Amino acid sequence: MARNSATKKLITDYYQIRNTNHETRNMEYAIETFSLTKIFSDWWGRDKVYAVNDLNLQIRYNEVFGLLGPNGSGKTTTLKMLLGLLYPTKGKTIVLGGDGADPKINARIGFLPEESYLYRYLNARETLDFYGRLFGLPAKVRKMRIEALLDMVGLKAVASRPVGTFSKGMARRIGLAQALINDPDLLILDEPTTGLDPIGTRQIKDLILNLAKRGKTVLLCSHLLADVEDVCDRIAILYGGKIQSEGKVKDLLQQTGKRQITTDAISDTAVEKIKQIVRNEQADCVVTSPMDKLETFFIKTVAAAQQQAQPTSGAISTTQIGGFLAPDTPVENILDKLVSPMESLRTAPVLQEPSEPPKTEQVGPVETSQTEPDERATGVLRKLTEPAKPSQPKPVVRDEKVETKPVEHKAAQQEQTKKSIIDQLTGRSSPQNEDRDLGPDQTDKSQTGDSGDA
Amino acid sequence: MDPTKPISPRQETQAMHSIWAVATNTLKQALRMKIAAVFIILLIVLLPAMGLSMTGDGTLKGRLQTFVSYGLSLTSFLLCLLTIIVSIYSLTSDIKQKQIYTVITKPIRRFQLLLGKLLGVILLDAALLILFSAIIYAITIYTPKYLGADGAELTRVDNEFFTARTGLTPPEADVRREVLDTYNNLEKTGQLDQIFRDVSHKKIIADLTKRKQLEKRAAAVGQNLLWEFNNVNLSDPNQSLFIRFKYDVSVNPPDLHVYGRWVVGDYRQIRYGARIQTPFHTFDRKDLIRTFHEIEVPADAVAADGYLAVEFINVPLNNTVVIFPLADGLEVLYKADTFGANFLRAVILIMLRLIFLACLGILTSTFLSFPVAILLCLVIFSTAIVSGFVIESFEYISAELSGVYYYAVKPIIQLLPRFDRLNPSKFLVPARLLSWSLLARVAAIMICIKASLLLLLALLIFSYREIARIVV
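Protein sequences, first through last, are from chains Y and F. Just so we're aligned, residue 1 is where the first sequence starts under the working numbering, counting upward by one. Just so we're aligned, residue 455 is where the second sequence starts under the working numbering, counting upward by one.
Quick caveat, the hints were computed from the structure, so don't treat them as lab data. Note that the structure is a prediction, hence the values are computed from the model and not measured. Among these hints, one or two may not hold up.
[As the list claims (entries may be wrong)] Estimated spans, in silico, between C-beta atoms of each pair: (1) F:V826 / Y:A157: 38 to 44 Å; (2) Y:R161 / F:V826: 32 to 38 Å; (3) Y:V302 / F:S823: 52 to 58 Å; (4) F:T509 / Y:R161: 47 to 53 Å; (5) Y:G45 / F:S507: 58 to 64 Å; (6) Y:V302 / F:L910: 51 to 57 Å.
Where is the CB? At the ideal position from N, CA and C, for every residue including glycine.
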C-alpha cells in the first residue's frame, strides 16, 4: 500500500509539472500512459496476474501506432484501460487530453474490440443506426453515413439481415463500420483483421493509411505482423505486460549492413556489370526476380471474378473507402457540423482538414461511390499490375531508374529466428509462412513497408 | 472540449437520445429474442379461454368476479415474471456477450445505459399491460350481453360489481380503560395466574382488549347495537347505500339462520327528540350465519351533514348472542366511482408493481450473473407475494429472538413491497373503491422510496464496477 501511495504522489507531482504547460501537452500526445499497471487478483484479493506492468506509452497525434505482442501480453488489457472498461491498479492514462471514459472524449474515439460483439437480433443497418444514435448524430447525417459505410464494407446487399446470421468476417466488417460512424479522431482497433478475407484485410490497411492521411490517430493492436508492418509508423512490442521494444518500424527493421537494388527487367550483361561493381566493393551480391505477394495475387483473382459478376451470398469486397472517410472528400459540410453535437471534430488539436472547398455530405456518398471507385480502381489496378511497388496509395514514381535502398528485415522473420513454435501459435502463421515462401533471400522487400524515400 | 463548460441544452437532449436509443434497443431485444412472445401467446390464448370457461358460483356476478380476479392475477403474475427476466437478461447478456464494450465506449454515461434499459422494460410492460387489461376489460363488459342475462341479475351486477364502492367501517371501540380495570381486578383477586398461565403481560392485555372489543360488537337476545358514521358522502342522491354484514353466533341456531331487525337513518332525531326530517328505513330479515349479506338502503337515510346511524336489534325469535366479527363484521358501502375508473386504477397498481420489479431486476443484474440474479429476484418476488404471512410468522416467533428480529430481520422485510395487501382483485371482486389517494400512497412508498433506492444502488454499483471483468 505504501508503494501504491508513493506512486500516486509521484504521478500527481508529475501532473503538476505537466499541467503548467497544459496546451503543449495536449498537442503532443493522443494517448499517454503513466506507469500503467493492471493486476488481476484472485477471489481472496491476492495478486495473481500482472496483465500490464508499469507501462509508459506515448502515441503522438496523427500517428499509426502498432501494439504487438503474443497472446496474453496485455495488449487488450491496455486498450480496455484506455477506454475505462477496466480500471488501472496503478498509474493513469490520458486519451485525447482527457479521460478515456469521459463521453466527451468517447465522442471522438472509434473502437473495434477484439471480436465484433453485436446484437444478434438487429440487422446491419439497425446496428449502425443504434450506434449512430448513441453519438447523437442527427437522423440525416446518420442515414447518409450508414449507407456510405455499408457500401464501404460491402454489406449493402445484406443490410437487412440480422447480424446474428453473419459469418465472422461479415460481423467484423460491421464492427469496423460502427467504429467509424462518428468519423473518429482516434481509432482504436483490436485485431481488426481477424476473420477477414485478404481483400478485407487490405481494405482495412488502406483505410488506416487514408485516415492517417486525414490527420487521424490510429492505435492498432495485433499479432498479424505483416499487417502491422504495412501500416504502422511506430510499434511497441509487449511481453508480460511490459514494453520490450519500441520505435519506428523503419528504424527497428532496417538492416544497415545491407543494401538492395530493384530494377526493371535488364539484360544479363547489365547484371554481370553490376555484380562486377559490387565485387569491386568487396561485397556479396544475389540476383533474383521479385515475386508477387500472395495478397496481391489473391486480390487480382477475386477482382477478376467480380468483374464477371459471379454471384456471392457473402460480402462484396471492394477496396473503396466510405464517402465521408475518403481522404479527398471533406467529412461534413458546415451545416452538418452545426447540427451535430460533436464539436470535438473541429477542435481536434491536429486535425488536418482537407483544403478543398467542402462538398455537401448529401452528395458525398453517392458521388464518391461513382467517382471514388474510378480513382480507387486505377489505384488497385496499378497495384495489381505493378506488384513491386509500395502498397501505400502514394504517387509511385515510374521512371526507369535504379533505386538504391536499405534492405529491410521482416519482423516476422526476426520473430521466427528469435522464438520457436509458441510464436507460430501466437501469431497467425499464414502471413509469415507466405512471406518466407516468397523470399527468404530478401529480394522482394521493396514492396513492403515504408519505401526508403518516404 | 472544456470539461468545465456547463452542460448545454443540446447535451441534455443528447443524453435523452442515448437513453432513448438504449430503450428502443432493449424493446427490440425483448420482442425479437422471443422472450416476450411466449408470455404474449400464453395470455392471448388463456384470457379468452378463461372468459368462456369460468363460471364461478353460477351467478352472473360470481362469473364476472372470478374472471376479473383470475384474469388480472394471471396477467399480473406473468408480466411480473417477464419483467424480472427481461430486466435481468438485458444487462447481463450485454455484459456476458460483451456488446457493452462497444456501447459504453460511445458517448453515453453508465447511468444513461441503465436508465435506458429500465425505460425499455417499462415501455414493454406498459404496452403489454395495456393490451391485456383491455382484453380483460372488454370480455368483462361484454359477458352480460353475451350471456343474455335478465333484468334482475343485471341490476344486481350493476349495483354490486360494475361499480366502485367505498366502505365505512365502524371505528374500534376504545376499551383501554376497561381492559386495565379488568386486569387490575383479576390481579387483585389472584385469578390472573389461573386464567393466563405463563403468558407475558403484553399478550394478556392484547387478549383482554380483543375480548372487550368483541363484547362491544355482540348483542344478546333483545339487545341492540348502534353504529354511527359521520362521513357518508354520496355523490348521487338517487343511488343506494349497502350495509354489508356477517353474523357470528355463540350458539348455532337449528337452521343456521339469524333473525334481525335493522333500522337505518338519522338516530339523532330520536335521541334529541327533534322533528323528523329524514326517514328511517326498517328491515326485518332472516340471514344465514357466517356469510356476507348486503342490505340495500335508499340514500335519503343519510342526513344532510353526512351522518348515518345503523341499528341492529337481536329479536327474541333468536336464541343466541349475535356477534359481528371485528375486521369485516359490518360495513356501510356506497358507490363512489365507476367500474371503469376503478379498473384503470387497478391496472396502474399492477404497473407500479412491475416498475418495482424492473428496478429490482436492473439492480441485481449490475452485480450478479443471469441465473443468480433470476434466483434472487424470484425469491424476493415470491416473498413479497406472501409478505403478510411472512411478517405474521416472524411476529409469532419473534418472542424468543426479539432483538435479532427487530434490528435485523424486520427492516429487511419492511423493505419488501406488500404485493399481497395490494392485490387488485381485492378491490375489484367486492367492487370496492381503489382510491387515487391510496394509489398515490402506494406509488410514493413502492416507487418513490423503495424502487428509487434500488435504482440508486444499481447506479452506484454500475458506475464504479469494472465493465470488462467477468463476474460470476
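Hints versus structure:
1. Checked against the given bound of 38 to 44 Å, the beta carbons of F:V826 and Y:A157, roughly 43 Å apart, stay inside it.
2. At roughly 34 Å, the beta-carbon separation of Y:R161 and F:V826 lies within the given 32 to 38 Å, and the hint holds.
3. For Y:V302 paired with F:S823, a C-beta distance near 44 Å fails the hint of 52 to 58 Å.
4. A beta carbon spacing of about 50 Å between F:T509 and Y:R161 agrees with the range 47 to 53 Å that was offered as a hint.
5. As the Cβ distance of Y:G45 to F:S507 is approximately 60 Å, the hint placing it in 58 to 64 Å holds.
6. Between Y:V302 and F:L910 the beta carbons are some 56 Å apart, a value that agrees with the proposed interval 51 to 57 Å.
Of the numbered hints given earlier, the model fails hint 3 alone.
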